[in-house]
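So you can see what is in the structure, the chains are spelled out below.
There are 4 protein chains.
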Amino acid sequence: MRGFGMTSVGNAAWLDKEKPVAGPYDAIIRPTVVAPCTSDVHALHGGAGEKFDRILGHEAIGEVVEVGELVTRFKPGDIVVVPCTTPDWMAPGVQEQVSNAHDWGLMKSFKFLSSKDGVFAEFFHVNDADANLALLPEGVAPEEALMIVDMMTTGFSAVENGRVGFGDTVVVIGIGPVGLMAVAGAKLSGAGRIIVVGTRPNCVKIAKEYGATDVISYKDGDIVEQILRLVPGGVNTTIIAGGNQNTFPQAIAMTKEGGVISNVNFFDIKDTLSMPAYLWGLGMSNKDIRCGFAPGGTVRMEKLLNVIKYKRVDTSKLITHRFHGFDQIEDAFKLMEEKPKDLIKPVVFIDWNDK
Amino acid sequence: MRGFGMTSVGNAAWLDKEKPVAGPYDAIIRPTVVAPCTSDVHALHGGAGEKFDRILGHEAIGEVVEVGELVTRFKPGDIVVVPCTTPDWMAPGVQEQVSNAHDWGLMKSFKFLSSKDGVFAEFFHVNDADANLALLPEGVAPEEALMIVDMMTTGFSAVENGRVGFGDTVVVIGIGPVGLMAVAGAKLSGAGRIIVVGTRPNCVKIAKEYGATDVISYKDGDIVEQILRLVPGGVNTTIIAGGNQNTFPQAIAMTKEGGVISNVNFFDIKDTLSMPAYLWGLGMSNKDIRCGFAPGGTVRMEKLLNVIKYKRVDTSKLITHRFHGFDQIEDAFKLMEEKPKDLIKPVVFIDWNDK
Amino acid sequence: MRGFGMTSVGNAAWLDKEKPVAGPYDAIIRPTVVAPCTSDVHALHGGAGEKFDRILGHEAIGEVVEVGELVTRFKPGDIVVVPCTTPDWMAPGVQEQVSNAHDWGLMKSFKFLSSKDGVFAEFFHVNDADANLALLPEGVAPEEALMIVDMMTTGFSAVENGRVGFGDTVVVIGIGPVGLMAVAGAKLSGAGRIIVVGTRPNCVKIAKEYGATDVISYKDGDIVEQILRLVPGGVNTTIIAGGNQNTFPQAIAMTKEGGVISNVNFFDIKDTLSMPAYLWGLGMSNKDIRCGFAPGGTVRMEKLLNVIKYKRVDTSKLITHRFHGFDQIEDAFKLMEEKPKDLIKPVVFIDWNDK
Amino acid sequence: MRGFGMTSVGNAAWLDKEKPVAGPYDAIIRPTVVAPCTSDVHALHGGAGEKFDRILGHEAIGEVVEVGELVTRFKPGDIVVVPCTTPDWMAPGVQEQVSNAHDWGLMKSFKFLSSKDGVFAEFFHVNDADANLALLPEGVAPEEALMIVDMMTTGFSAVENGRVGFGDTVVVIGIGPVGLMAVAGAKLSGAGRIIVVGTRPNCVKIAKEYGATDVISYKDGDIVEQILRLVPGGVNTTIIAGGNQNTFPQAIAMTKEGGVISNVNFFDIKDTLSMPAYLWGLGMSNKDIRCGFAPGGTVRMEKLLNVIKYKRVDTSKLITHRFHGFDQIEDAFKLMEEKPKDLIKPVVFIDWNDK
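Protein chains in written order, with my numbering: chain A, 1 to 355; chain B, 1 to 355; chain C, 1 to 355; chain D, 1 to 355.
Keep in mind that the hints are not guaranteed to be accurate.
Same chains, same names: a pair is fine if it fits in one copy or spans any two.
To be verified - Each computed DMTMM-like pair below joins lysine to aspartate or glutamate, with the alpha-carbon atoms no more than 20 angstroms apart:
| id | residue 1 | residue 2 |
| --- | --- | --- |
| 1 | K309 | D214 |
| 2 | K311 | D214 |
| 3 | K51 | E18 |
| 4 | K311 | E209 |
| 5 | K75 | E160 |
| 6 | K17 | E330 |
| 7 | K309 | E209 |
| 8 | K51 | E337 |
| 9 | K339 | D53 |
| 10 | K208 | D314 |
It should be emphasised that the hints constitute simulated quantities derived from the structure, not laboratory data.
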């Protein structure tokens, strides 16, 4: 079968690989809508370490074409939502009740492109189908559902880790698609004032539609000063969904005592996160610093699908570019690499009858 | 000074009483907008025990006319929001970190009408002003703010106790003003499906505007059966904001394992709350049964004011009847007693310059 | 193979059944130490519904004799600790992060004797071996480890649900083996005063060794009055680990505002749990009423084994009677049925080489 | 009145100051047992900023000699336990339900030596007496109680922030008095394995008595390597109760995904806390980094007194040196400055009748 991926770091290519095989609890899926993600681009350029002949992609809606003999909840023909993290539910990490993202260790629940081929393929493999897949519900468009598998589950986890409650004041630094979902999630957690840090006009527009009340730009000077001017004493929760290693001490500086700094930004392996001790009250401030990775699993997906189904968030706002046809995955991916100013998320619709 | 209240159980009257005196941490307030509440009606009819010559009322926005010598955050002329519970912050109950409603014991933070005169007076007394009052912010109408001091803080606490999260399915039984606030709060906590149980047309209309997705009526048969038909297996959270002692086992029956039954309904002292053990999984179901009373205090008020200020909820929808003038408190109160079908909350605007 | 169980309700017998077969994720275990439990006795007498030709028993340490082809962490010859609840980790219930006891519904994780044969057999079957079994660690005697699979995991869950913290005052009603584990768990959660309600002399003695500071007896009058005399205003947490339907309102009466009533008592299907509304502050008291069922899974077992290994609790105190030989399971079971005064837990050691 | 303190940074001295005056909610206390703390030494040497003519000391048991007119729970003659942080309960910070240490801002609840004279005086002042003091209970020696006002409340808060549960593996870095209390608190929270990092023989001895199962020394090589050798994959909770800025990344490195790093070490104002991003899983590890400051208030003190009263921890083990007489405060303080190897905590008993 064909798939779009990398022959080695830096070399994108269409690959020919064996069709994956389902173990007793697994499913084989044919993608019907997929989206490239900046993590795919990072992986191509070495951000996930050396990889050879690996198909990329980890955001997909698809049709079940085959299930293992012990799968009970799904059958061929089902249209399913596939979380980007698909924990191995036999692993100890899912029993710790913190996040299911670390089944056998750090981020090990993230299997696509990391430990096996991804979803930019004619067929892809999902482990523990009964516990990881969710049926696409009636009334939810597949491309809307696609936005939950990584963007919403990640952005919303930042809000959960940030312990946002009624009337809290929240900052979201970075308003790419994950940051925008954090804005929507903060509003959906009762936040009062939501201050976003970002500049791209269409992102700013959507941030406001999702609930942002104030917009701050790096271009207008130090963001800490700007925010402390708006909220003397600091905010309850600061969500880091963008930026670089210098964003880390800024987030601590703008958060008040007893507040939370909640990170979902992927730092670079060469980054060092540093904070002057006084920003943390010399270690006495009760400012929590938390981070997390996309929670997966069936129940999470079903709950997030309810968020869409019951019109709590319109995820279609995130979709700025639409492609049609399996081969266009390459164009969508290149667009993600180039990151034009107006890009938030491109999606690719695949009609297998067309081929 | 004059105030509207009761000479004894069953006897409503205008009373003449001494103007209250401020201790060093207290404030004296002149009400500018007040609202009667069903608790005031209950109190008149004996629901709060024997009372003599007691001024009623516990929902007020007002103007500070006097502060004690140790008050630092407020001064005469300030327009303030007064929570219906005003904890004594020297009491142990506020240190338990569960609710501040029980300062020296059960509901002891509820002082108006319970242990002192209420707010339907020319002047009323607030203990621990710095820790209990909040300034009315710019951009928030006083009558909108009035809806937070009991209705929203109570309804939202039901949602907090109910541990509502993203995509959860929630039932709200009873859609009077507290139930309606619970609906709005459930939506603001990320709930997906929100099923309400109620019949009054204007309440049903507002419930839908606040986020209800399904409406169930007692008139169409057993509510447990209706809800389990919609959500086989039961819902994540059931909020009891109305009904009677028979509502209690129904709420347990419609909640799934691991879910929460969250009560803010005021049961009658003669009620017995009974559940057949099998509804609770013989005591093994991990269904939590929680209840609570209106949290007060400055920080709570400030956060709820942010909910209004940043347009997360439009509380003005709750206000169905508007009165003007101090003397009209009596009419507003009688309306509350009669409870016409279209009543949700009456408010009384008082312009002291008019007098 | 042979096993001790019931031919039908009321009829205990040795049964001949097929040796169980391991699916790809399963294991077949030969028991080496087992213990009867009052739930086994209840099951015999119909407490778990009609059952035919069912082997009883759900507390076992054993030797792995066979594993499915996808099991990676265990191999024949391993000595393993088997939780009494063995969740199906593909089920949605384990993803709700409340308890893993309800995999596909109420108590469905409890499979022994409920939906398949139990452990009083030459061989028994464990689903999802990698996620449910734990290796017996060095330095822990098997009979000590046996006490965790139901008694400790249940008793400790009562303490966790009871949110016991440093210096809290806790009541434990009922000091059978689960109640005794709740006492030990309360001490291990920082409780200050621990009041137990019970009468059997050896249980009282062990309760004190486990941390009880006060002992109350039903024989000395109303237990609510006795406890409120010791702790005016009520206690932080009341754990129900015994008693009957009348214990329920008593537990509520002795708990203070903001406290927790935490139940692990198995009520009868005919019981009705009733509380006068005033005991619950008319629904305003912030007294949480919680219940739960034995959490299982590998991680839970490993953590509880650490409690023994590092000498935090000596579970051998619970073992009052020791039997030797597979056939003695019948005697041990009958002892459990008779419940002599000095009985806490009987255990049966099985040496298969002896046979 | 006389008091021992500093005329300016670096200059310790006996000072003559006015006797403090009680406001309506305050109390004036005569100390009967006091202890110097390393924070007092730091303050003398400029660690708390420039101070002039400031009496030092913040750990005291004493006798109430005067109370304000609104104090209801205490009267002259009462022997009371005084938390080192005495929040202003009118302040917003105590309403945030995180810690009461930050009443009006960062560490503002810490008033002794920071914003007013400390307890090394003939008399000292306590704000909000009803909400901050606790009666010394019968059966608790004053010097044992003295160990809770800073050492235990701080060390235990590290355990609480560290979310230690049954069977968890915990590291405590630094086994001075706060670290030792963290060890005792970890055991009292159900920890299984408790690994301490420290070298001083008497501290090591007490750490073991308090529950430490393993002892690691900086002298035997890299502590991260040593700990990961004992616990491959890392521990559940790492408590930082000593060390320097380099300890911070070490703590992160030795904690597993989903774990907590809980700091109570006072870092220097010139320190920078730095972690290579990969130690934090590039911001995806779900490792929480938390910190806190000594919680105060009556309820906290009463609960910790219960821990002693009911023999859960023997705090007298911390006391290595005993002095008698008010004037010996100077000797005790100098001992704290010199920090001989065998010093944990010195206490000074003061008998005012002796003078």
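Outcome of the hint check:
| no. | hint | in the structure |
| --- | --- | --- |
| 1 | K309 <-> D214 | between (28 angstroms within a copy, 13 angstroms between copies) |
| 2 | K311 <-> D214 | between (24 angstroms within a copy, 13 angstroms between copies) |
| 3 | K51 <-> E18 | within (17 angstroms within a copy, 49 angstroms between copies) |
| 4 | K311 <-> E209 | both (14 angstroms within a copy, 12 angstroms between copies) |
| 5 | K75 <-> E160 | neither (33 angstroms within a copy, 39 angstroms between copies) |
| 6 | K17 <-> E330 | within (17 angstroms within a copy, 60 angstroms between copies) |
| 7 | K309 <-> E209 | both (18 angstroms within a copy, 16 angstroms between copies) |
| 8 | K51 <-> E337 | within (18 angstroms within a copy, 58 angstroms between copies) |
| 9 | K339 <-> D53 | neither (24 angstroms within a copy, 62 angstroms between copies) |
| 10 | K208 <-> D314 | both (13 angstroms within a copy, 18 angstroms between copies) |
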